[in-house]
Amino acid sequence: MSFNLRDWGANLWANANKWQRYVIAGFIVVGAFSLPLLEGTFFNTPSTPFVSVLFYPIGVYVLMALGLNVVVGKSGLLDLGYVAFYAVGAYTAGILSMHTKLNTWEILPIGIALAMLSGLVLGAAVLRLRGDYLAIVTLGFGEIIRITALNTKSVGGANGITNIPNPPTTLGFKFDLDHPRNYYWAVLILIMITILIVRALSIRRPGRAWEAIRQDEDVAELMGVNTYKYKLWAFIFGASVGGAGGVLFASKAMFIAPNIFTYNISILILAFVVFGGMGNIWGVVFGAVVLSYIPEKIRFISNARMLLFGLVLIIMMNLRPDGLLPRKKREKIGVAGGKSK
Amino acid sequence: MDFSILTDQFASLTFDGIALGFIYVLIALGYTMVYGVLRLINFANSEVFMLGSFTTILVATKLFHHTIESDPLTGFKLVYTMLAMLIGSMIVSGVVSVLIEIVAYRRLRARTSNRLTSLISAIGVSIVLSEAVRMATSSAPMGSPRLLDKITLVTIWGADIRVDTLLVIVFAIILLITLDLFVNKTRLGKGIRAVSMDYDTSRLMGINLNKIISTTFLIGGLGTGAAAFFYITVYEMTRFSIGFELGLAAFTAAVLGGIGNIRGAFAGGIALGLIEMYASAVLGTQWRSITAFVILILVLLFKPNGIFGESLQQARV
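Residue numbers (the numbering used here), protein chains in the order written: chain A, 1 to 341; chain B, 342 to 658.
These aren't lab readings, by the way, just hints derived from the structure by calculation.
C-beta: ideal position from N, C-alpha, C; glycine also.
Among the hints, erroneous ones may be present.
As the list claims (entries may be wrong) - Residues from chain B that face chain A, not an exhaustive set, calculated with beta carbons under 8 Å:
#: 1; residue: Gly-429
#: 2; residue: Ala-445
#: 3; residue: Leu-457
#: 4; residue: Gln-627
Claimed, not checked - Among chain A residues calculated to face chain B with C-beta under 8 Å, some are:
#: 5; residue: His-99
#: 6; residue: Ala-135
#: 7; residue: Leu-311
#: 8; residue: Pro-321
This is chain B alone, in the form it adopts within the complex (with noise of 0.2 Å):
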């Protein structure tokens, strides 16, 4: 136990943990909001995850052919890349999202109400996109090459405030709240509303179910495709078991904000982040990737409906 480096970066740690937290909250979103209309832990999101930050890093070498060894690029050509890798990872993880939805659980939920036929068949397309990708890349790692030139734009008591975790935290707020006013705000958002409040109810009063559901999976798998693009932007390196890695923590942010309800998300993942990476500078590093679990096992014994409360209104009787 060290906790003279907690209090000496204890700023920078909290600004990485935010942006780390928010990276999280991108994620999370593919599990909380699923939950919220289907009562199922989508295991599979973890990969999408794990295949949007792949596309992120593919658009960037194959179709504009930079390399490790490339110069960081600089005005109008920095912004339509990233901007096209954004939208390609967010692309290709949100039609995953939506197909996973399709293939895996669509005719189980026709046919049974049983939870568990549905979440190990979520299990097996997840061990499925994963070991396709590890046999693809032979379990090599992928890097990323360095577009964006990760100078410091201030030091806020003596933390570096960089220049690729302010966008990530810039741009998720903005993904966030666009998402708050979809669900708050529109025709179709509060088709979801209603279905995560009572799933039978709102078929009888004529809503589309599938169109719902389709919807919630996309809009958790556009969360997590950008999410990865952030990923990489950060910490520019991506592996076929990424998605273990990080979506079991952003599932672990979701049940701590309240499992079911997005502004807990949001909450339960910024926690998330700065929790550990301050575990990690008093522990270790190595000790980081079960933080998540023993706070996952802690709330879940404490207060099992996280801080805020389970689902989008309210939890089931």
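Pulled out of the complex, with its shape left as it was, chain A reads as follows (with noise of 0.2 Å):
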């Protein structure tokens, strides 16, 4: 392919100065933030109002990919597992809520810490293991959490846990069923604030860590990077931004039960870095955005989406294993080269 968006996009940014960034990345944040606009033109969904849509699927799931991605795409960590975080988060808001009575925003912290707790736990245990291991350890660690979620009384077992309040009005913000597009703008802050973390951290040393240990592990312990200390870095930062999620869907839906925390969550995740291009914030971002809208869109779709992002798993590592907007060209230079063991 001739036209890469990829580098387009790259070099616009970098032959950019100053000035000229403030002017693109405002752009992106005033075209974001205006998309609740588009309700009642051709983008607008039959079965749920486009706004809620923004919000849920689109927005958290958003925020999610940008999470994994940061653990399967910059790492190279398979993580089958991650609805376990997501899952810590909302399940936080649903018991903090029941039992005191904190608010969303003050919960929020909470449930990140908890998650990323969590995601302490099962990291410093498994990620001394090989990479196809830690796959499957991943997604039993998502069915323990869900089971145990299950057959405990005190969380609901199988009913879940109803009636979580929605956030308070903030800043003469509302947050109820009226009023979807202040819930979206919520997500996106969260979603850009993610976004700012990624990118700094990617230029940085923990960045260069992630790619080195992608690239070869072995090597990149050789050269002196302590990989076990990255990894779970990559595993906790993940877990921070799914426990996030949670919070804030269990906000929204006011409600939240084990079976909305299934392996399919972790796969669709999944599907959405491996779509866009792993390891790249924005082909992240366009692989959640696109393959959370379609099945919203085309109502027969949502059926059978779980196929069709199966699917997109096998046609993309067997015809583009970089996604549809690979990472720049610049960080693949060691995988012209990968072939041998």
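Could you fit the two chains together into a complex? Lean on the hints.
Right, here's the structure in full:
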């Protein structure tokens, strides 16, 4: 392909001076915040109001895909139990709102902290394993969390937790069923913070360490990268984003149950990352937006969406393993020579 | 926690655990043999099991027109009906397994050595198969007609030795001995051992890799298909998610015994079958499905090469 959108975007950014960069970033931010204006146009979704779709699935999934991207895309650690952190966040919101008077914004940091803690515990235990074992152990962890929630009476068992309060009115923005736009803006702010953090980490030491680990873990270790430590940090960072997604989801849906947090969610998020381009922030955002929007827009796909995502995984891996918007060429130098084991 | 069930029914739990264990052993072959030659977790093997279980039931209901209400069969008719179910399930599973290799892994193997890529492709295949069946069956479970009258043959220490579980154990042992002879005594089996010992060198020595790999997937599929038949004979029910439920337990069995090691898979499968039965007696059946995962994590943490060590010959350096 002669025209590469990823390189075009990267060059545009690289060749821009400080003020041009502010203008580009401003356009992106304003554009993202004004997406609810598309309500009532061609983009309308048939069964759910468009602005609600912008929050869930699109916004929440973009956020989680960004978190998983750090784990799978940047560091090459295949996590098939990412839903566990989403569940930890959501259940934190559910349990704390049941027993305390904390509001959503106060619960959010607690949810993130608990998700990070579970990421730390799981990661510390399993990150010494080889890559392909990691996939199946994380999958098992996701199931353990779900089945534990299912069999624990104090968190509602199979019925889950109901009547989780919406976030309080903040700075004049109301959060209830009539104001889905404010939820979208809230998740958008979280997405932007996540993007800024991931970008900042990527160009600094952690980003270089992740890249080295992804390309060849043994060599990275030999070159003095503390691979265990950086893998653990990637894991914890991914967990924190998943937890944030869970808290937000619970406060909007007002209801959570174990059957929401299945293995399918982990696969869904993985498909977003793989489709857009592993390791590339904008590719992942693009992948998550497109793949979570299509089943909402075209209803008959909705039932077949997991089938669609399975096909996406096979086709992308066979034809375009770097995704639709692959990471920058500069970062791929090591892969070209990566034929040998 | 209630240990009284465990002590009261220890013999019967043990017997059921061994029968379940043999089903795990046969599914585990699909993981452990492929891992032996390709160092790849054959994620889609669980869906091979799922397709085998549906095939078993469909052979009985569509080919022989048995319904849930039909009376159990006897004599010669019983033998050939059940053989047809077993062979049908084995053929479908074997063919699907070989096709999966060609569609999802072969291209990737030629192009890249990145294991993440193959693994994600394998997960994709697994999702596609289970979702296709979910949509075709509208998520409804499918029951099997009872062809074999499940009479109790003898009672040992209070455990009823039923004819169906005994059948599973006997047939599984025959299949495993055949497999062991095949891998250790035949030319093709020698090829499989060579490739699992050293992939690159065996190619240099003139071994047709694609043939060996297809054979491996075929054997794995046949074993998994047989397991599906035995599962239906004992439990008489399947659904689209059965692969996810049993396949991952079987993978755990393979890891427990040392993945890539056929005799290890045998030990791992039996051990896991017993542990699951005992654990569900003590903790309650609702926890049964995560027993395997907890064991998997513990094994990988404390003895990552499994009880019998990894690989048919030796673990990689």
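Violated hints - listed by number, lowest first
The structure conflicts with hints 1, 5, although it agrees with all the remaining ones.
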